[in-house]
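**Student:** Line by line, the protein sequences give chains H and A. Quick note: the first sequence uses the numbering used here, first residue 162, plus one each step. Quick note: the second sequence uses the numbering used here, first residue 6, plus one each step.
No lab work stands behind these hints: they were computed from the structure. Any given hint might turn out to be false.
Rough simulated footprint, nothing fancy, chain H against chain A, three-plus residues with beta-carbon under 8 angstroms [claimed, not checked]:
1. 73-84
2. 95-103
3. 107-114
All of these numbers come straight from a predicted model, not from anything done at the bench. For every residue, glycine included, the Cβ atom is placed at its ideal position computed from N, Cα and C.
What follows is the residue order along each chain.
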Amino acid sequence: GAVVSQHPSWVICKSGTSVKIECRSLDFQATTMFWYRQFPKQSLMLMATSNEGSKATYEQGVEKDKFLINHASLTLSTLTVTSAHPEDSSFYICSARPGPTNEKLFFGSGTQLSVL
Amino acid sequence: GQNIDQPTEMTATEGAIVQINCTYQTSGFNGLFWYQQHAGEAPTFLSYNVLDGLEEKGRFSSFLSRSKGYSYLLLKELQMKDSASYLCAVRTSGTYKYIFGTGTRLKVLA
Numbered sequence: 162g163a164v165v166s167q168h169p170s171w172v173i174c175k176s177g178t179s180v181k182i183e184c185r186s187l188d189f190q191a192t193t194m195f196w197y198r199q200f201p202k203q204s205l206m207l208m209a210t211s212n213e214g215s216k217a218t219y220e221q222g223v224e225k226d227k228f229l230i231n232h233a234s235l236t237l238s239t240l241t242v243t244s245a246h247p248e249d250s251s252f253y254i255c256s257a258r259p260g261p262t263n264e265k266l267f268f269g270s271g272t273q274l275s276v277l
Numbered sequence: 006g007q008n009i010d011q012p013t014e015m016t017a018t019e020g021a022i023v024q025i026n027c028t029y030q031t032s033g034f035n036g037l038f039w040y041q042q043h044a045g046e047a048p049t050f051l052s053y054n055v056l057d058g059l060e061e062k063g064r065f066s067s068f069l070s071r072s073k074g075y076s077y078l079l080l081k082e083l084q085m086k087d088s089a090s091y092l093c094a095v096r097t098s099g100t101y102k103y104i105f106g107t108g109t110r111l112k113v114l115a
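Model the full structure from these sequences, guided by the hints.
**Tutor:** Here it is as structure tokens:
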């Protein structure tokens with residue numbers, strides 16, 4: 162099946178710093194990737210839809226200046242948490258769909274962010 | 006708005022059958038998915054329904070009724086390794102976003 166690689170797996174940072182998370186589709190091209198956030202024992206909350214070569218589409222309530230998304234190529238999307246604060250601590254996970262004929266979403270392994 | 010509901014927790018015995026329900030109200034519908042997620046790991050795909058009816062895949066089956074906004078995941082011959090969270094997700098039409106339900110934590114007991 163399709164492979165989505167996400168790095169780093171975990172990161173600890175100081176309050177006020179920025180953190181970049183990378184999501185790569187290894188064996189397929191992804192014009193669209195999705196970024197989710199997950200709190201402990203809760204489901205996935207869609208943050209934004211990342212579109213290659215254009216601006217991301219953010220869900221209601223998600224600050225686009227706080228969570229910067231860049232989808233510069235067909236295999237790479239990045240999420241930057243700017244000026245991170247403890248309330249941004251969460252599990253962030255990206256996903257991608259290989260193409261219009263493949264309905265499944267494939268997920269990266271996730272990034273556990275802890276802001277001190 | 007988008008609303009996808011599942012029971013929060015379920016418990017079942019090894020070897021038994023369990024049914025996890027999902028009801029949804031979304032802005033458009035373009036398919037329903039079930040994913041399994043073990044703690045701290047990425048979700049893995051289990052099944053996909055776009056037409057009404059039952060889809061069977063080994064020990065797992067999924068049912069969809071679009072008119073009722075209802076789906077269920079049926080797990081047979083439960084094994085300890087089936088202890089996980091089960092996520093129902095709807096792909097919306099138009100924007101093709103994947104919206105996840107509240108998730109059901111299943112505990113399988115020996």
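**Student:** The structure should be examined with respect to each hint, and the outcome stated for every one.
**Tutor:** Results for each hint:
As drawn, the region 73-84 of chain A meets chain H at 0 residues by the rule of a beta-carbon pair under 8 angstroms; below three, the given contact is violated. Counting residues of the region 95-103 of chain A whose beta-carbon sits less than 8 angstroms from any beta-carbon of chain H gives 5, enough to reach three: the coverage restraint holds. Under the rule that three or more residues need a Cβ within less than 8 angstroms of chain H, the assignment of the region 107-114 of chain A holds, with 3 such residues.
The structure shown violates just one earlier hint, number 1.
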